[in-house]
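These protein sequences, in sequence, are chains A and B.
With the numbering used here applied, the first sequence has no gaps in its numbers, which climb one by one up to 259 at the end.
With the numbering used here applied, the second sequence has no gaps in its numbers, which climb one by one up to 333 at the end.
Take the hints with a grain of salt, since some may be wrong.
Okay, the calculated beta carbon distance ranges per label pair [what the hints assert, rightly or not]:
(1) B:Met191 with A:Ser12: 51 to 59 Å
(2) A:Thr114 with B:Ser5: 16 to 24 Å
(3) A:Leu111 with B:Thr109: 51 to 59 Å
Reference listing, derived: stretches of chain B covered by chain A, where coverage requires no fewer than 3 residues with Cβ under 8 Å from a Cβ of chain A [stated by the list, open to error]:
(4) 187-197
(5) 215-228
Under 10 Å between C-beta atoms, here's a sample of chain A residues computed to sit facing chain B [said to hold, decoys possible]:
(6) Arg47
(7) Ala62
(8) Glu86
(9) Lys105
(10) Ser140
(11) Gln155
(12) Thr233
(13) Tyr235
Just so you know, the hints here were simulated from the structure itself, not pulled from any lab data.
No residue lacks a Cβ here, since even glycine has one placed at the ideal position from N, Cα and C.
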Amino acid sequence: MTLLSVSDLRVSLGGKPVLHGLSFVLREGEFVGLIGPNGAGKSTLLRASLGLLPSEGAVTIAGRPSTAISARQRALHVAYLPQEREIGWPVSVETLVSLGRTARKRGFAGLDATDRARIGEAMARMEITDFRRRAASELSGGEKARVLIARALAQDAPLLLADEPTAGLDPAHQIALMSLFSELAAEGRGVVASLHDLGLAARWCSRLILVDRGVIVADGAPKDVLTAERLRTVYGIDAHLGETEDGGMLVVPLDVVRR
Amino acid sequence: MIGASRYRIVLALLSAVTAALFVLSLVTGPAGIGFSDALASLYSGGDQGAGLIMREIRLPRAILGLMIGITLGLSGAALQGYLRNPLAEPGLLGISASASLGAVIAIYTGFSAVFPLGLPLAALAGSVVAVLVVQAMAGARGGALTVILAGVAVSSFAAAMTSLALNLSPNPFAALEIMFWMLGSLTDRSMTHVWLAGPFMVLGWAMLAALGRPLDALTLGEDAAASMGVNLRLVQFLAVFGAAASVGAATAVAGAIGFIGLVAPHLLRPLVGSLPSRLLPASALGGACLLLSADILTRIIAPDKDLKIGVLTAIIGAPFFVWLVYRMRRKLL
Numbered sequence: 001m002t003l004l005s006v007s008d009l010r011v012s013l014g015g016k017p018v019l020h021g022l023s024f025v026l027r028e029g030e031f032v033g034l035i036g037p038n039g040a041g042k043s044t045l046l047r048a049s050l051g052l053l054p055s056e057g058a059v060t061i062a063g064r065p066s067t068a069i070s071a072r073q074r075a076l077h078v079a080y081l082p083q084e085r086e087i088g089w090p091v092s093v094e095t096l097v098s099l100g101r102t103a104r105k106r107g108f109a110g111l112d113a114t115d116r117a118r119i120g121e122a123m124a125r126m127e128i129t130d131f132r133r134r135a136a137s138e139l140s141g142g143e144k145a146r147v148l149i150a151r152a153l154a155q156d157a158p159l160l161l162a163d164e165p166t167a168g169l170d171p172a173h174q175i176a177l178m179s180l181f182s183e184l185a186a187e188g189r190g191v192v193a194s195l196h197d198l199g200l201a202a203r204w205c206s207r208l209i210l211v212d213r214g215v216i217v218a219d220g221a222p223k224d225v226l227t228a229e230r231l232r233t234v235y236g237i238d239a240h241l242g243e244t245e246d247g248g249m250l251v252v253p254l255d256v257v258r259r
Numbered sequence: 001m002i003g004a005s006r007y008r009i010v011l012a013l014l015s016a017v018t019a020a021l022f023v024l025s026l027v028t029g030p031a032g033i034g035f036s037d038a039l040a041s042l043y044s045g046g047d048q049g050a051g052l053i054m055r056e057i058r059l060p061r062a063i064l065g066l067m068i069g070i071t072l073g074l075s076g077a078a079l080q081g082y083l084r085n086p087l088a089e090p091g092l093l094g095i096s097a098s099a100s101l102g103a104v105i106a107i108y109t110g111f112s113a114v115f116p117l118g119l120p121l122a123a124l125a126g127s128v129v130a131v132l133v134v135q136a137m138a139g140a141r142g143g144a145l146t147v148i149l150a151g152v153a154v155s156s157f158a159a160a161m162t163s164l165a166l167n168l169s170p171n172p173f174a175a176l177e178i179m180f181w182m183l184g185s186l187t188d189r190s191m192t193h194v195w196l197a198g199p200f201m202v203l204g205w206a207m208l209a210a211l212g213r214p215l216d217a218l219t220l221g222e223d224a225a226a227s228m229g230v231n232l233r234l235v236q237f238l239a240v241f242g243a244a245a246s247v248g249a250a251t252a253v254a255g256a257i258g259f260i261g262l263v264a265p266h267l268l269r270p271l272v273g274s275l276p277s278r279l280l281p282a283s284a285l286g287g288a289c290l291l292l293s294a295d296i297l298t299r300i301i302a303p304d305k306d307l308k309i310g311v312l313t314a315i316i317g318a319p320f321f322v323w324l325v326y327r328m329r330r331k332l333l
């Protein structure tokens, strides 16, 4: 089934066009890495797909036009992890993760057994159960990031859009997160994560969308998208492209291209 | 959720203290009526002496103290949660300043002398104008920051116009009346004031109380909250108009009473685990406790001087503010 369909998406920020007509379709079971240089429009693409920015073009979420569904219904289909790691008040980690259940609760209703189970799973997956009683605002950057990812997981939506989820994580947690995302995809969900680490993107994503200056330059399997020529023209870098022992793709950026 | 039982204990304690202070407010006053006599004469229906004082003077004063305290505490907590700014308070949206301006215009033009309810009505009109201007400036998609800036602008303008009225006041008595009114007071209010302001305050409370879950989600920022199913336009409408209706009505009958809306949420936030939805009822009760205590204090400290309640809350509130800034600075370092 199609989880998200974007066609001819155009966005202008402050009168300046940022996205020039992007189209792609995301199906169940896909783990898409959204890559591109700084300022390419990755975050704008994620936010506009959710309807958080005024845009032109059509966005369909779970088969329905995004303009026709309420914020609450949308939250049942798509979870979103913003790039800014904002935690306004020193609430406990467990409370913060439980906010992921917001869209499923009406009025003053409390958490039921299903809610608790999802919250517990999300905390266990992000390895934050040990400090669930601590104030979330007092954690280290990487711990905060894991808590916020757990919040998005607790939302239990079929599609997850994550803006630079690996930023600030140590290598072990970066790999654990990428592996978790591909597990989610294997369960039949969809994940779109904007990434700067091309090595991680190449190794774990089932599909890469390369964005540059507001247009999609390439869209496909990692080995088709990440060619030496593209890395040179889009990123301005030379990279070593190879293969790992288990047949995975290896990308190691080496140097900036002298122009 | 965690600490649900502790949260219930906090609310129960606050309710008990509020109720006790309400009774204490009823039995405190220059008439020197005994405790049991005072409460008995409230129901006896007698037309003379104690019964008259209790029903016509002390009851409206205590009710207004309770309702205005709830208004200030609740709107302070709601605005801090909505704007995610610990320094937000009801005055920030320009509501208090504009309501004051409306009242000042009523006093200045003599409208309040001709028509007794002219003053509160003009104050309400002032707050309505302020909130419409803030909402228009912030726009439907306006974020928290635009609301703050619009509120500051409206506040400054209303304060300037109030100064102008004082400056040009033709007779010193009007100027003095304006000054005294702006200090805030619950003295000599009648049940008419309760009936005038009450419905607006209750309407405002209902709008602000609906903000609990959205404010919790806003802890993670506006984008995250929107993605979690929060309708940001509706939240902005409820926060701005709810605060305006309740604080505008409160200011209309009691003048500008500062600091309670700022202090109450801060005092109670640690006790409710910082969760905005839990802070709303706690801060409402806390605001009522603070205002009722302050009003009782004005009657005990200087029974014959008519000490203004706004002066007292500012004297206690300003040092608290200093301490708050100091503590925040220490946290940032």
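Hint check:
no.	hint	result
1	B:Met191 with A:Ser12: 51 to 59 Å	holds, 57 Å
2	A:Thr114 with B:Ser5: 16 to 24 Å	holds, 22 Å
3	A:Leu111 with B:Thr109: 51 to 59 Å	holds, 56 Å
4	187-197	violated (count 0)
5	215-228	holds (count 11)
6	Arg47	holds, 7 Å
7	Ala62	violated, 14 Å
8	Glu86	holds, 4 Å
9	Lys105	holds, 7 Å
10	Ser140	violated, 16 Å
11	Gln155	holds, 7 Å
12	Thr233	violated, 32 Å
13	Tyr235	violated, 27 Å
The structure shown violates the earlier hints numbered 4, 7, 10, 12 and 13.
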